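Enquirer: Residue numbers (the numbering used here): 291 to 480.
Note that these hints are calculated values from the structure, not bench results.
Computed from a predicted structure; not experimentally measured.
Heads up, some of the hints might be wrong.
As the list claims (entries may be wrong) - Using 25 Å as the maximum straight-line C-alpha spacing, the simulated DSS-like pairs for lysine-lysine come out as follows:
(1) Lys417 - Lys466
(2) Lys417 - Lys471
(3) Lys355 - Lys480
(4) Lys366 - Lys466
(5) Lys355 - Lys439
(6) Lys439 - Lys366
(7) Lys439 - Lys466
(8) Lys471 - Lys366
Claimed, not checked - Just the calculated beta-carbon pair ranges, DEER-fashion:
(9) Pro337 - Gln436: 34 to 42 Å
(10) Ile423 - Thr454: 32 to 40 Å
(11) Asn367 - Pro451: 17 to 25 Å
(12) Thr454 - Lys355: 34 to 42 Å
For glycine and all other residues, C-beta sits at the position ideal for the given N, C-alpha and C.
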Amino acid sequence: MKLRMGLAFFGALLIGIIFYIVSSFSLDNSPPLISLPKQGAIPTPTPIRSEMYTQPLSIETTVGKRFDVNVVIDAKNTVINGVDSVISYDPTMLRVVLVTAPTTQDKTLSLMRRQIEDGNVYITAIKTEVTDIPTQELTVARLSIQALKSGTATLTFQHNPTTTTGSTIIQAAESKNILDKVTNTTIIIK
Numbered sequence: 291m292k293l294r295m296g297l298a299f300f301g302a303l304l305i306g307i308i309f310y311i312v313s314s315f316s317l318d319n320s321p322p323l324i325s326l327p328k329q330g331a332i333p334t335p336t337p338i339r340s341e342m343y344t345q346p347l348s349i350e351t352t353v354g355k356r357f358d359v360n361v362v363i364d365a366k367n368t369v370i371n372g373v374d375s376v377i378s379y380d381p382t383m384l385r386v387v388l389v390t391a392p393t394t395q396d397k398t399l400s401l402m403r404r405q406i407e408d409g410n411v412y413i414t415a416i417k418t419e420v421t422d423i424p425t426q427e428l429t430v431a432r433l434s435i436q437a438l439k440s441g442t443a444t445l446t447f448q449h450n451p452t453t454t455t456g457s458t459i460i461q462a463a464e465s466k467n468i469l470d471k472v473t474n475t476t477i478i479i480k
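The whole structure should be built from the sequences, with the hints applied where relevant.
Expert: Structure, rendered in structure tokens:
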């Protein structure tokens, strides 16, 4: 019985000591044992002024099969003068057979250049009339492509933001490149 009372007293004393230590650390205004990095102001993201992508964004096909891909822009309601698309691909995996104007294209932009070189496609579409009509989402061209061998290939837009080299969307008011975002297409060939 005395042993139980002694153990109970020792346990209560141990709990009291632990409580004293914990409460003294939290009450003495000392710095915490773990220092967390200070968070700076969260920057406000810059809105995308325009973007360029191919549709569909991913394709699954077989060797020898032909498929079509649309080159699409979204100028986000901006008045533009024209578009340049420079698209690179692996010529051992893909062969671009043809570049055509889309059948549903409104006549805001005219397809002026459609050049196919080994591993690159160059497309230029320009506004043929001076108007203040803003451009939203618009298909610029259609690529007809043939899969040559099994593997994964990519249609990649060459894009150098804020320059006029590679893929561009040119704003009419200031004649500057406003292309902020490009999205490439992945092609799985079986």
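Enquirer: Now look at each hint and say whether the structure bears it out.
Expert: Okay, the hints, checked on the actual structure:
1. Lys417 - Lys466: 15 Å, holds
2. Lys417 - Lys471: With a Cα-Cα distance of about 21 Å, the restraint between lysine 417 and lysine 471 holds, given a limit of 25 Å.
3. Lys355 - Lys480: 10 Å, holds
4. Lys366 - Lys466: This hinted pair holds, its Cα atoms lying about 15 Å apart.
5. Lys355 - Lys439: 10 Å, holds
6. Lys439 - Lys366: 38 Å, violated
7. Lys439 - Lys466: 40 Å, violated
8. Lys471 - Lys366: Since the Cα atoms of lysine 471 and lysine 366 sit roughly 12 Å apart, the hinted pair holds (cutoff 25 Å).
9. Pro337 - Gln436: 34 to 42 Å: Roughly 38 Å apart at Cβ, these two residues keep to the hinted range, so it holds.
10. Ile423 - Thr454: 32 to 40 Å: The hinted range 32 to 40 Å is violated for isoleucine 423 and threonine 454, with Cβ atoms some 23 Å apart.
11. Asn367 - Pro451: 17 to 25 Å: Holds, since asparagine 367 and proline 451 (Cβ atoms, about 20 Å apart) stay within the stated range.
12. Thr454 - Lys355: 34 to 42 Å: 36 Å, holds
The structure fails hints 6, 7 and 10 (numbered hints given earlier, in ascending order).
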